[in-house]
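*Asks:* So the protein lines, in turn, are chains A and B. The letter at position 523 of the first sequence is residue 523 when you use this note's numbering, and the numbering goes up by one with no holes. The letter at position 185 of the second sequence is residue 1005 when you use this note's numbering, and the numbering goes up by one with no holes.
Since the hints were derived computationally from the structure, they do not count as laboratory data. A hint or two may mislead.
Subject to a maximum C-alpha distance of 16 angstroms in a straight line, what follows is the list of computed EDC-like cross-link-like pairs (lysine to aspartate or glutamate) [to be verified]: (1) Lys242/A / Glu144/A; (2) Lys7/A / Asp956/B; (3) Lys7/A / Asp916/B; (4) Lys165/A / Glu144/A.
Looking from chain B toward chain A, a few residues come up when the C-beta cut is under 8 angstroms (computed) [what the hints assert, rightly or not]: (5) Phe853; (6) Ser878; (7) Glu879; (8) Asn904; (9) His913; (10) Glu917; (11) Leu918; (12) Thr926; (13) Pro927; (14) Gln931; (15) Ile933; (16) Leu957.
Keep in mind that this is a model prediction, so the values were computed, not measured. Glycine is no exception: its CB is placed at the ideal position from the N, C-alpha and C atoms.
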Amino acid sequence: MIRNYFKIAWRTLMKNKVFSFINIFGLSIGLTCCMLIALYLHNEMTYDQDQPEADQIYQIGTVFEKKGAEISRTPNTPHPLAEGLHREFPEIADATHLLGMFADDKTLLQYQPANGQAIRSFYETRGYLTTPSFFRLFHYQFIEGSPESALTGTNRIILNEEIAKKIFGNEPAINKVIHINSNTNGEHDFTVGGVYRTSLKPSHIDARFFLSIAGGDMEQYIKQRPNDYATNNMFFSYIKLKSGTDYKKLEAKLPAFIEKYASKDLKAMGFWKKQFLIPLKEIHLAAGVTENVTPSGNRTFLYILASIAIFTLLIACINFMNLSTAKSSQRLKEVGIRKVLGANRLSLVRQFLSESVLMSVMAFLISCMILLILLPYFNQLAGRHIQFSLSENLLMATGFLVLALVTGIIAGSYPAFYLSSFLPVKSLKGKLTNTTTSINLRKTLVVFQFVISVVLIISSAIIVSQMNYLHTKDLGFVKDQQLVIPLRSTTAKNISASLKDALKKNPQVSSAGASMYYPGIMNPSDSMMYREGQTMNEGKRVRINYVDFDFLKTLGVQLVAGRLFDNAYPADTSYRMVVNESTVKEIGFASPQKAVGSHINFDWQGKNYKYEILGVVKDFHFEDLHKLITPLAFEVTATSASQNYLVVHTQTDNMGKLTKNMEQEWRKLNPSEPFEFSFLDEDFQRNYDAETRLTYMVQCLTLIAIFISCLGLFGLATFSAEQRRKEIGIRKVLGATASQLVILISRDFIKLVLIAIILASPLAWWFMNKWLADFAYRTSISWTVFVISAFFACLIAFLTICTQAIKAALSNPVKNLRTE
Amino acid sequence: MIQLEKIYKWHNNGNNRVFILKDINLTIEEGAFISVMGPSGSGKSTLLNIIGMLDEPSEGSYRFLEQDVYTIKEKQRSELYKQNIGFVFQAYHLIDELTVYENIETPLLYQNIKTAERQAMVADILDRFNIVGKKDLFPVQLSGGQQQLVGIARALIAKPKLLLADEPTGNLNSKQGEEIMELFKKINEEDGVTIIQVTHSEKNAAYGKQIINLLDGRIEK
């Protein structure tokens, strides 16, 4: 019997190949979408869950306040805080702090093999400076060395397996010496203290290597300010509590600690801070703290994703049921025959259920396959390393299988219970009168689906236009044909002047200049500056970039008043600044012309520093367009130590040849270090990576939503064409043309789509306004976007309906009428 | 075998009651071969469907094989129906997705007959109806006459005592129709199956041993 059910189920599937394909595939898409998002959510929510002592470990967060109002909330603290708390409070078992190599885009690691082979040089990312106690809090699986001793002593480095393999091949790495050049930590030798295996489980610390703070430049920096609890807020501090300690109680004692150790300095600086504790497992999704060791996740975003997943699945399931039901009305006759042949309701129920379950299980299997194919691309898009394995995700896989089965059962239950309820005489006539409620339900559903689709279509269009704006907006400096050569080692910094001279000889190079930062990357150096006659309390934050004489010329910024740096005036190197217009405005000069020749000041550790303004440049975007232009000042440095990048402005059609040339020059001067470069415009665009990702994601979702809502519409059109067969037959006999009939059938549906567009437009407008609010500079939302999207949605809907409408309109009226 | 008493069947059309069957009293003995005749809309098919338990009257009682059809339980009635009644339709009503063999086999599946026995029964009837060669074909691959032959084979597979036929030759040409009628006659005489057929054709009606004429829902005496 069961065999018979499946046989007929299979034959029914095969008989309506297109329909079966669309239906099964539609459910598969919904399931895949949902599974992907579920995997992503699972990944986001399991950060640091595998740390064995996770429940005792807390990160210390800081709230900065000025005049009692919160200015910012960060996970950053001064270096002595973690150890200071450890000494003060007995309930703290251990403490450590961590510092990212914030000034390195990449860190240079060099190894000189003993047997006289060439130096092996690698640029590496994601290095962190920390203390030996780090490995008492966080557990890493060591394959060489031991966590207890790996970082003790000075100048120690711990590598992950991948880097160790890259540098040392199959030789043991332990006790080998690596020469490291870092913009953050200077140039020093480090001895390998251990190698660890990278965990596949997500963690908010994504380190590829760790350096001991002891032995680098950072140690000197720390020693200069042993008890500075006010500034140097750049360390991540962690404490481990003794088991059974209530962290809230400890948190309540922290204000007193700040009062005791930091109040004097804080009062002098004119701000205040409060410390709070973040449980390790909650760090990744901690509210209000975005720029952690790695960028934090966003709970709202997860909720949005989860609701998208649920909606997609719900709609896909409902469509599946709708399509199955629409199609099953054609099988009323079969139900009648089977009843005549002695089938009871139960056996019919079983037959229809096994049919739809077969379909849904197929959909599940297909979605598993699609999932495995898509996962690598999805990882790329989401910037994660999510894996799907049955052993790890058994519960989830089972859950989805059950979901598929339930969908199948619900989808099958309409024909199973409804169709089998008729008297055989009625069903043999093969006619089904549907109640208006179920039709209305279907219509509501189609409207709902199209609202989502139209919102997504409009959003896509607006996002694309904003992305286009971001790419084409004039940034106020020359961003094209600008090559950036990072200077990551002392050698590289030392040769930068000679390299610059060598490059300038090339006619295709119009100018070159070195600097600490360049537009588009983070510019963290700043001072609170004030004009003559004011005090530090009225100081305004001015970002500072350290440059050489040629940098501003190379960048092509426009001068408003005064002059740029010029090496004809050697005095430019001492206490002279070029500032932007925003600085002039913020600090309160009447005009750029008036600012030139005036002085701006800041105080540090009780000493006053005074700078003369040499020139004012027009405001340009030194940060991406998310941010308003803020005060920025340039200072010329005499030494090459603070030059991290060499920016080269070129004029060439053959970039490949030019960069080869540059590489040769580099090799001549610095043979042991690989030559790397990037393009300034591309680096600048990297600030929009999240938006680029979002664009892809929204585009994918748009396609899926369109597909799914077309399925819904297709189901409804099929159903309605089926219902109106007789009407269409009669109209044809009375002389209606095919095109008139197509219009007749399509009209109702286009009406639904129009309703959807009317509902969706304000919704999309609201969403997109919110999204655009993230950008300080943005495109305006034009009404044409809505018109074009509406037209597009109607066109898609019309094409979908047409397949059914044309079929119905062209069918032989005699055939349609004979069934009566 | 069949006793119908005071059978009424009506529809409510607004305030009017439209009668399809009025006061039908009918007794049919086992082994009978009855042709029901009458103009369109006289209630022939409805009567047949009521006898075949596919439809229910608005009023009246029906005894089949000494059991009161409308008072016994649904399950018993279903058993009674499955074991004793076979149906043949004008439009054949074969299941398009099943082969000839599977179509004939289906009633046995619903009676939970074991595979081996089922195979023997189907093989037997295929042989008897001379359609062994067609057993793996689908209904669309057969002519009308052949389809009706399969329909009859399917109706007879469970060895029913009563065969009900609703214009069995209505969609066939006269030669095919004759063959089907000859077959009915043979089944009735040789196997003792009671047959009630609805027909428009005097010629076919003559194959029956008794003719009932229906007019406006009443039996014409």
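*Asks:* Hints first: check each against the structure and report whether it holds.
*Replies:* Do the hints match the structure? See the list:
For the proposed pair lysine 242/A and glutamate 144/A, the alpha carbon gap of about 29 angstroms is over 16 angstroms, so the pair is violated. Between the alpha carbons of lysine 7/A and aspartate 956/B the distance comes to roughly 14 angstroms, so the proposed pair stays at or under 16 angstroms and holds. Restraint check: the Cα-Cα separation between lysine 7/A and aspartate 916/B comes to about 13 angstroms, which is no more than 16 angstroms; the hinted pair holds. For the suggested pair lysine 165/A and glutamate 144/A, the alpha carbons sit about 12 angstroms apart, so the restraint of at most 16 angstroms is met.
The criterion of a C-beta within 8 angstroms of any C-beta in chain A is not met by phenylalanine 853/B, whose closest approach is roughly 21 angstroms, and the hint is violated. Annotation: serine 878/B was flagged as interfacial toward chain A, and the flag is violated, the nearest CB pair being 13 angstroms apart, outside 8 angstroms. The beta carbon of glutamate 879/B comes no nearer than 17 angstroms to any beta carbon in chain A, farther than 8 angstroms, and the hint placing it at the interface is violated. The criterion of a C-beta within 8 angstroms of any C-beta in chain A is not met by asparagine 904/B, whose closest approach is roughly 11 angstroms, and the hint is violated.
The beta carbon of histidine 913/B is positioned within 8 angstroms of a beta carbon in chain A (closest approach about 5 angstroms), and the interface hint is therefore held. Given hint, glutamate 917/B at the interface with chain A, holds; its Cβ is 4 angstroms from that chain's nearest Cβ, closer than 8 angstroms. Annotation: leucine 918/B was flagged as interfacial toward chain A, and the flag holds, the nearest CB pair being 7 angstroms apart, inside 8 angstroms. For threonine 926/B, the suggested interface contact is upheld, since its CB lies about 5 angstroms from the closest CB of chain A, less than 8 angstroms.
Checking proline 927/B against chain A: minimum C-beta separation of about 4 angstroms stays under 8 angstroms; hint holds. Proximity of glutamine 931/B to chain A holds as hinted, the smallest CB-CB distance being about 6 angstroms (cut-off 8 angstroms). Because the beta carbon of isoleucine 933/B sits about 11 angstroms from the nearest beta carbon in chain A, more than 8 angstroms, this interface hint is broken. With a least beta-carbon distance of about 14 angstroms to chain A, the hint placing leucine 957/B at the interface is violated under the 8 angstroms criterion.
Comparing the model with each numbered hint stated earlier shows that hints 1, 5, 6, 7, 8, 15 and 16 do not hold.
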